[in-house]
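K.L.:
Here are the chains, one letter per residue:
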Amino acid sequence: MEISPILKSLRKNPVAALLIAAQVALTLAILANVLFIVSDRIATMSMPSGIDEPNVFTFASQDIGEGRNPIDGTLADLDAVRAIPGVIAAATQIGIPMGQSGWQTGVTLKAEEKVEGPERLAALYMVDERMLDVYGMQLLEGRTFNAEEVIAWKTGDQPKPPVVILNKALSQKLFPDGSALGRMINITGDPGEPAQQVVGVVDTIASPWPRSQNPDRVVFVPFRPSGSTNFIVRTEPGELDRVMAAIEEALFKVDRNRIVDGIRDFKTTRARAFEGDRAMAVLLAAIALALLAVTAFGIVGQVSFWVTQRTKQIGTRRALGARRSDILRYFQLENALIVLLGIAVGCTLAMAINGALVKYLSFGALPLSWLPIGALVVLVLGQLAVLGPALRATRIAPAIATRTA
Amino acid sequence: MSGKRTFPTGRLRRLMWGNTATNASRERATPTSEDMTTYYLKLALLALKRTPALSSLMVLAIALGLATAMTAFTVLYRMSNNPIPQKSDVLYAVQLDAWSPERPFDRTDNLPPDQLTHGDSRRLMALDDGYRKTGMWRSSVVVVPENTKVRPRNAPTRIVAPDFFAMFDAPFLHGQAWTAEQEARAERVVVISRELAERVFNKSDVVGDRIYLDDEQFQIVGVLDTWKLIPLFYDVTNNVLNETEDVFLPFSVGTGKEKAFHGSVNCWQPPGEGFKGLIDSECIMTQFWVELPDRGARERYQALLDAYVAEQRKAGRFKRPDNQRVVAVMPWLEQNEVIPRDTRMFVGIGAAFLLVCLLNATGLLLAKFLRKSGEIGLRRALGASKREVFNQHLVESGLIGACGAIAGLILTWSGLLAIRALIPEYQEIAQLDIWLFAGLFATALIGAVAAGAYPAWRACQVMPASQLKAH
Amino acid sequence: MLTMKSLKKIYRTALVETHALRDFSLTVNSGEFVAVTGPSGSGKTTFLNIAGLLEEHTEGQYTLDGINVSGMSDDQRSSLRNQKIGFIFQSFNLIADLDLYDNVDVPLRYRGMPKAERKQRIEQALTRVGLGSRLHHYPAELSGGQQQRVAIARALAGSPKLLLADEPTGNLDTVMARGVMELLEEINGQGTTIIMVTHDLELARRAGRHVHMVDGQVVDIAETDFSSLRAA
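Residue numbers (the working numbering), protein chains in the order written: chain A, -3 to 401; chain B, 117 to 587; chain C, 1398 to 1629.
None of these hints come from the bench; they were simulated from the model. It cannot be assumed that every hint is accurate.
Stated by the list, open to error - With the Cβ distance kept under 10 Å, some of the chain B side facing chain A (calculated, not the full set):
id	residue
1	Leu173
2	Met174
3	Glu218
4	Gly390
5	Pro456
6	Leu471
7	Arg487
Computed from a predicted structure; not experimentally measured. We put the beta carbon where it would ideally sit given N, CA and C, even for glycine.
Construct the entire structure; sequences and hints are all you get.
P.N.:
This is the structure we're talking about:
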């Protein structure tokens, strides 16, 4: 099929074709950006926490009044929780992956070194000797804390431990060339030589802030938060709901003068952390679908009109020997040409929109690979949309040519 | 003129065709615009009915575009809400820069820290400058009900100076704020919300009653009526979609009882041990607001801050260049980027989508109008002017726009429901108000008429002669 | 009624210049029934378009009912068309979406008549052509002859001085054609000037005057004995 007669006919009556091309261009530009953002959000949402997600839950306990000794009280609470059937491990904690609250500290390697930017910040998790069991993590190197190293901690205490454990990401950040084991680091900001020795490295575990610039760096310190604090519990598979239901009663047996709240499985914690991302992904995906539908139906409507308008012309072509497939191909090719023009403009526009998102809203740069994907989508969309009207055009009888309208 | 002739039926023929010589030269009356608008509306409705598929396609496209843009815009608009319009020009957040001498708090714009140290808040409150002012922080207390069967619960709490209530127009239902003397003596007094009062006491007028908070009895001096501030601008380190707190405690009491800092505590050097070490450290953890009624007051207060910083420098603090300032409510929200970047992006995408939908409508209207070019040519031949043809088609576009607006309203409403379902804390944000409602209609009509302008112009260019050709 | 002096109409495209009318002159008096004939491409349609103010002429002078229409704006032409001229087309050109009442209403609307007067005129015009009982039928429900009658009613409802008919019987069978022709003659008999373009010589001979065109010029004008036609 010759392209030049199609081009000539388009050039003669350009506005309708340009409208479709403009629509395709904008559609592509929006689509590429939306798909990119949605896939980025999905990637963020599926970020690994590094813990045994299906079997972990957390809650907060708060003592009322000046009743019991916070340190002994917490030990009693922990014993009570561990005694619930189905519990593998329990601990008080500061720092739960994706929990969105916790501590963050600067980490340095030398005296007088300054923490310049977020790249030297890490989440600080307070854990006890059961840390591997509680989170369901893997130890990569060295050891975990001994029971003797774990110190009770109350609000207001400054955590200045002699030993720390790093997660893999922080270890690689601080010591890209070798093992972190035995190395000294400073996590307190105190002047002088670093005073914390690395005794172990654990596998991936996420920080409480998955949307921050350093979502994956964690330093563990051997403290047992006591008194009013947060707990983390890991259960046998399938026991989670039962243990969660039993937790309040177990703790009230230890001491009634308390508040137990925020009992939350990790699934909920994760969902809360990514609530905004999920909402945005759902809304943008809906927009993308609506956008494709609007553009497709727009093309169907306009091409239908062209078919009506060209009835006589098509009949004449048929009378002059054009096959049905020639008519079909004419419309398909015409649509492809228009869509290609739209794609050319749309790619530029997509980069411009992304440029604005990067510049004003500090979104990520659109990888160029999204453009051909978007282009392919609109091209296929255009072809599908034109198919119906074009097939109708092929059914125009050649006899139309000899008839008066 | 529109001379009215009567036709006696008995002489019908004669009158109709016989006396044209005397009557045909009369002036053509200008159609009244009302008449014609009604006529155009009738024709537009007819056109809508004759092409139901194409018409509903356009209505749906406009509705979808409109709903997307409006849903996004509603969130943006509600987020950009001025929470306290009557006072947003006189309330100022105070910013001091006692941050690390090594590096700025804000590496891009060198903004001062977003909070003050507890010590700076204390000292600024102690200044005898005559302005209403308050340092504050968010915390929580355990509310222990009288009825022992009801379990104790945490209540969101704000630690404030007594000026807080007058500054932020807190609506007292009963009682009033505690006095400066009570503040100074750290008396166990409290202002609570109506909701908390009703929850604990089953009534709202509980002024003078006592309430157990944590481990102590407090005397209730005031009850606030339901109080919404959207966004909750006075503390941007917490979620600005939080509701106003249920419990308000004196600053001196909160400090004495070592109430925890909810929000953020940010340090550039390690604090000392315990609560005492923390509140005397350089860590920032309190918000500070001042009410400055006019420009003169603002200048005087700035001078006062400058003097305060100079004096503190003598004590070895404030090692960074002068960067103390006061910021009014709306700039404060702007500066702290209270509107999530996702919302802005969503609005941009929504607007672009609306544009696609309008382009789509333009294309379809063009097709629709040109399909009727036979009728248009005929109307032209029968004496319709270009303007009349143009107007007729603009009315048709407008009608489609109006239908799109109605459908779009329903879709916007569903979109907002979806947002509320997806993000529960947007309950108050994803709401239509009368202005948004009006804006939605105006946008739809203007958009549809704009989309219809070119097709209508093309329609009125149809040559009347095209009709005369015998096919 | 209508005077055309040395009219020229030239259609220009990039390559071709077509002289559709060259030095065309014609005078039609009030009350005349003029038939215009000529072979395809002789300029009949162009003449009718110009006479009906649907197109502008390139050169020359055209006076309609004492008004020089040369150089008039589009709006003035529309208005003049609306007041003075009624059209009847070969293919009727009724608006399929409108019923008979609304079809006849179209030109009256643009004249801005009060509703009561429009109603009266429409009903009378349709009654006049024998369709008074079918005000709210649609064109598709009528025969060709009836459709052309509606078109005539539409042309007459505005009391035009000049009726322009383009092959008014071209799409009709002989019986229907005769009916339409008789209706036109009757209208003419009541004083309305009619110019009818046709290629049917027999029809042309029934008109009061017969103008024959070739290559955009008048080549022959034959007066017909009006009274004898009437008698027939």
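K.L.:
Each of the hints needs a verdict: does it hold here or not?
P.N.:
Quick rundown of the hints versus the structure:
Checking Leu173(B) against chain A: minimum C-beta separation of about 5 Å stays under 10 Å; hint holds. Against a cut-off of 10 Å between C-beta atoms, the interface hint on Met174(B) holds, since the closest Cβ of chain A lies about 8 Å away. Because the beta carbon of Glu218(B) sits about 5 Å from the nearest beta carbon in chain A, less than 10 Å, this interface hint is met. With a least beta-carbon distance of about 4 Å to chain A, the hint placing Gly390(B) at the interface is held under the 10 Å criterion.
Residue-level restraint check for Pro456(B) holds (minimum Cβ-Cβ distance to chain A is 7 Å; threshold 10 Å). Because the closest C-beta pair between Leu471(B) and chain A is about 6 Å apart, less than 10 Å, the hint holds. A distance limit of 10 Å between C-beta atoms decides the matter here; for Arg487(B) the minimum to chain A is near 6 Å, and the interface restraint holds.
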